[in-house]
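Peer 1: The residues making up each chain are set out below.
Number of protein chains: 2
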Amino acid sequence: MWSDNDLTGTLGIKYPIIQAGMAGGPTTPELVAAVSNAGGLGTLGAGYMAPEAIRRAVRSIRSLTSKPFGVNLFIPENPHEDQMKIEQMTEELNRYRDDLHIQVPESVQFTGQPFEDQLNVLIEEKVPVFSFTFGNPSHHVMSMLKEHNVKVIGTATTVREAKQLEKNDIDIVVGQGSEAGGHRGTFIGSFEDALVGSMALIPQLVDAIDIPVVASGGIMDGRGIVASMALGASGVQMGTAFLACSESGTHPKHKEALHSSTDESTVLTRAFSGKPARGIKNEFIVEMEAGNAEFPDYPIQNALTGDVRKAAKAQNKSEYMSLWAGQASRLSRNLPATELLERLVDESGQVLENLN
Amino acid sequence: MWSDNDLTGTLGIKYPIIQAGMAGGPTTPELVAAVSNAGGLGTLGAGYMAPEAIRRAVRSIRSLTSKPFGVNLFIPENPHEDQMKIEQMTEELNRYRDDLHIQVPESVQFTGQPFEDQLNVLIEEKVPVFSFTFGNPSHHVMSMLKEHNVKVIGTATTVREAKQLEKNDIDIVVGQGSEAGGHRGTFIGSFEDALVGSMALIPQLVDAIDIPVVASGGIMDGRGIVASMALGASGVQMGTAFLACSESGTHPKHKEALHSSTDESTVLTRAFSGKPARGIKNEFIVEMEAGNAEFPDYPIQNALTGDVRKAAKAQNKSEYMSLWAGQASRLSRNLPATELLERLVDESGQVLENLN
Numbered sequence: 002m003w004s005d006n007d008l009t010g011t012l013g014i015k016y017p018i019i020q021a022g023m024a025g026g027p028t029t030p031e032l033v034a035a036v037s038n039a040g041g042l043g044t045l046g047a048g049y050m051a052p053e054a055i056r057r058a059v060r061s062i063r064s065l066t067s068k069p070f071g072v073n074l075f076i077p078e079n080p081h082e083d084q085m086k087i088e089q090m091t092e093e094l095n096r097y098r099d100d101l102h103i104q105v106p107e108s109v110q111f112t113g114q115p116f117e118d119q120l121n122v123l124i125e126e127k128v129p130v131f132s133f134t135f136g137n138p139s140h141h142v143m144s145m146l147k148e149h150n151v152k153v154i155g156t157a158t159t160v161r162e163a164k165q166l167e168k169n170d171i172d173i174v175v176g177q178g179s180e181a182g183g184h185r186g187t188f189i190g191s192f193e194d195a196l197v198g199s200m201a202l203i204p205q206l207v208d209a210i211d212i213p214v215v216a217s218g219g220i221m222d223g224r225g226i227v228a229s230m231a232l233g234a235s236g237v238q239m240g241t242a243f244l245a246c247s248e249s250g251t252h253p254k255h256k257e258a259l260h261s262s263t264d265e266s267t268v269l270t271r272a273f274s275g276k277p278a279r280g281i282k283n284e285f286i287v288e289m290e291a292g293n294a295e296f297p298d299y300p301i302q303n304a305l306t307g308d309v310r311k312a313a314k315a316q317n318k319s320e321y322m323s324l325w326a327g328q329a330s331r332l333s334r335n336l337p338a339t340e341l342l343e344r345l346v347d348e349s350g351q352v353l354e355n356l357n
Numbered sequence: 002m003w004s005d006n007d008l009t010g011t012l013g014i015k016y017p018i019i020q021a022g023m024a025g026g027p028t029t030p031e032l033v034a035a036v037s038n039a040g041g042l043g044t045l046g047a048g049y050m051a052p053e054a055i056r057r058a059v060r061s062i063r064s065l066t067s068k069p070f071g072v073n074l075f076i077p078e079n080p081h082e083d084q085m086k087i088e089q090m091t092e093e094l095n096r097y098r099d100d101l102h103i104q105v106p107e108s109v110q111f112t113g114q115p116f117e118d119q120l121n122v123l124i125e126e127k128v129p130v131f132s133f134t135f136g137n138p139s140h141h142v143m144s145m146l147k148e149h150n151v152k153v154i155g156t157a158t159t160v161r162e163a164k165q166l167e168k169n170d171i172d173i174v175v176g177q178g179s180e181a182g183g184h185r186g187t188f189i190g191s192f193e194d195a196l197v198g199s200m201a202l203i204p205q206l207v208d209a210i211d212i213p214v215v216a217s218g219g220i221m222d223g224r225g226i227v228a229s230m231a232l233g234a235s236g237v238q239m240g241t242a243f244l245a246c247s248e249s250g251t252h253p254k255h256k257e258a259l260h261s262s263t264d265e266s267t268v269l270t271r272a273f274s275g276k277p278a279r280g281i282k283n284e285f286i287v288e289m290e291a292g293n294a295e296f297p298d299y300p301i302q303n304a305l306t307g308d309v310r311k312a313a314k315a316q317n318k319s320e321y322m323s324l325w326a327g328q329a330s331r332l333s334r335n336l337p338a339t340e341l342l343e344r345l346v347d348e349s350g351q352v353l354e355n356l357n
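Which chain is which? The protein sequence lines are R and D, in order.
Everything in the first sequence is counted per the numbering used here, starting at 2 for the first residue and increasing by one.
Everything in the second sequence is counted per the numbering used here, starting at 2 for the first residue and increasing by one.
Chain R with its partners taken away, still in its complex shape:
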């Protein structure tokens, strides 16, 4: 199962295991480098990072590994700036600010980081792999990436999306099953219609496109890896499994929440960012979903909740943090990434042996 395939060959890695590029802090240079050094593909989740911060992180990764690694960015969106919604939400969030003893911010920057500038850093720093979510890059961007021999990984939640990525000359498609933690990558149609479980999604993706399919969503150990390969995937992308690693920048309270979670703990919500994402249900989600204020579009809502989430982290208040997690988060293990990789490989071998 570990012999070279279309995925490991394309990426120049030993094991077909990609550590997901989770934005917001968990993917430290130490985590990314450890995964790549152990034979997988580490990925910096740089969607929310300023261009120069990406440059520093990439250089830091480079100082720790000579192996291939990736950087993940978000395809930018054009949100509708609904002033009424923004005002109501600001009001709604004030009760958390009161509770956290923080001031209402004087101004909030609604737009995300400048995508073209982020991308230029990747080109300048010769990042070997670029992965993205929330859409499909423009023809111009794809030409630039191809010209610089960057391998490109897109994210699809349906067959329609995967076909559109393939048409755009993407090298590899990550199929995001409904089990996955964090943001839904859906960019065509409604996210509800695109909540397809991995068991159903992966074989349909494999049948529909000719480029390598990487399974993601609910994969936590050797069982999930072998299952994904059986479904026809060329490899796996694991997010939640790496959240709990010692090198990850995940907040300790978030790690605790993963370990004490059950299969019923997670929920899909727009409360944190305006875009549907899966996380462990907490006070913030329950109250915001029940509240009267409508969520402004992503990334406006993300900007509006930024100070609350930051203060919640600083004050160890997990009830107001975004505790992103997939549906098998209870299987997460607090291990150094190198050891986790080794175990994943050993377990997969064991699972395969038991099947024979």
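Check each hint, because a few of them may be wrong.
[As the list claims (entries may be wrong)] No farther apart than 30 Å at their CA atoms in a straight line, the calculated lysine-lysine pairs in the DSSO-like style are these:
| hint | chain 1 | residue 1 | chain 2 | residue 2 |
| --- | --- | --- | --- | --- |
| 1 | R | Lys164 | D | Lys152 |
| 2 | R | Lys127 | R | Lys147 |
| 3 | D | Lys282 | R | Lys282 |
| 4 | D | Lys164 | R | Lys256 |
| 5 | D | Lys282 | R | Lys168 |
| 6 | D | Lys256 | D | Lys311 |
| 7 | R | Lys256 | R | Lys282 |
| 8 | D | Lys164 | R | Lys282 |
| 9 | R | Lys282 | D | Lys68 |
| 10 | R | Lys164 | D | Lys282 |
| 11 | R | Lys164 | D | Lys254 |
| 12 | D | Lys127 | R | Lys254 |
| 13 | D | Lys86 | D | Lys127 |
| 14 | D | Lys152 | D | Lys68 |
| 15 | R | Lys15 | R | Lys147 |
| 16 | D | Lys15 | D | Lys254 |
| 17 | R | Lys254 | R | Lys318 |
| 18 | D | Lys254 | D | Lys314 |
| 19 | R | Lys318 | R | Lys68 |
| 20 | D | Lys314 | D | Lys256 |
Read the hints as simulated data drawn from the structure, not as lab findings.
For clarity, every value in this text was computed on a predicted model and none was experimentally measured.
Start from chain R and add chain D according to the hints.
Peer 2: Using the frame of chain R, we list chain D on its own:
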């Protein structure tokens, strides 16, 4: 992979493949017997059948096979007879009656078939395997089944439910992933919290209980079977895959809908029965979900829509039928069940070989 395991041993079957006991017509005695004769476990979906109809069907199955087979029943519920909801829904349904040129029924029988009488037929006819959904049988029922050496299969959508089934001395647990077609088996907590994808659900069930776990939800071919076994399941239960078989009583328009479906076609709805179930989105679902009338409890809503569904079938109007389907329905194949079983076994062998 096909050597005797805890599932095949307990049930006395050759291959760990169970044909789901889908109620409402698809599981003809011919289908059930063909699956059992081919080495799987055929199951009569008898939830909506009168006791004497079950007896006739069981005798018919017996005349076609000497192999073990199962009968599936519903654990009865105590619905709230909300007269206001019932009147509004009756009114709401009249537009379909107009369109189908049928009369408003003079009276509707709200209660389901008598469970104890159904069960007594199973005992009297010495049915070897009893499977159920929507709960957990009483201690009295379990004692009776055990006394008559009936093997008992329960359905769980969460770890909590599986543990409760194990505690009740159930022999085998079917883990129903969120991909599955038809009714959600959830009987503890909210069905939304219990929508766990197979990739995440199965390993957690296997870790939590000591009795055999059977994977279900989105499994359509050898890829899904090997994936399920890799996740730790002792076997699989397949519903949608058998819906399209030549022997199944599935309406031809329903089979057509399966074949032309995509990964985005299905939706969860209470519109047909009052209980959440996954089917292909059609006019009836869209209109009823958008309508003003609230759905009465299951099985009251099932009784109220009965004449509409029946007339829709008679008149080939698939827009008003319940087109139950899992999230991989596009992978269904219109084959005789014997041939499907053979292909599933061959494919699984091939998948396993490719993994090595």
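Peer 1: Against this structure, judge whether each hint is valid.
Peer 2: Hints, verified against the model:
no. : hint                  : in the structure
1   : Lys164(R) / Lys152(D) : violated (46 Å)
2   : Lys127(R) / Lys147(R) : holds (12 Å)
3   : Lys282(D) / Lys282(R) : holds (29 Å)
4   : Lys164(D) / Lys256(R) : holds (26 Å)
5   : Lys282(D) / Lys168(R) : holds (28 Å)
6   : Lys256(D) / Lys311(D) : holds (16 Å)
7   : Lys256(R) / Lys282(R) : holds (14 Å)
8   : Lys164(D) / Lys282(R) : holds (22 Å)
9   : Lys282(R) / Lys68(D)  : violated (47 Å)
10  : Lys164(R) / Lys282(D) : holds (22 Å)
11  : Lys164(R) / Lys254(D) : holds (28 Å)
12  : Lys127(D) / Lys254(R) : violated (55 Å)
13  : Lys86(D) / Lys127(D)  : violated (41 Å)
14  : Lys152(D) / Lys68(D)  : holds (14 Å)
15  : Lys15(R) / Lys147(R)  : holds (23 Å)
16  : Lys15(D) / Lys254(D)  : violated (33 Å)
17  : Lys254(R) / Lys318(R) : holds (8 Å)
18  : Lys254(D) / Lys314(D) : holds (8 Å)
19  : Lys318(R) / Lys68(R)  : violated (37 Å)
20  : Lys314(D) / Lys256(D) : holds (12 Å)
The structure shown violates the earlier hints numbered 1, 9, 12, 13, 16 and 19.
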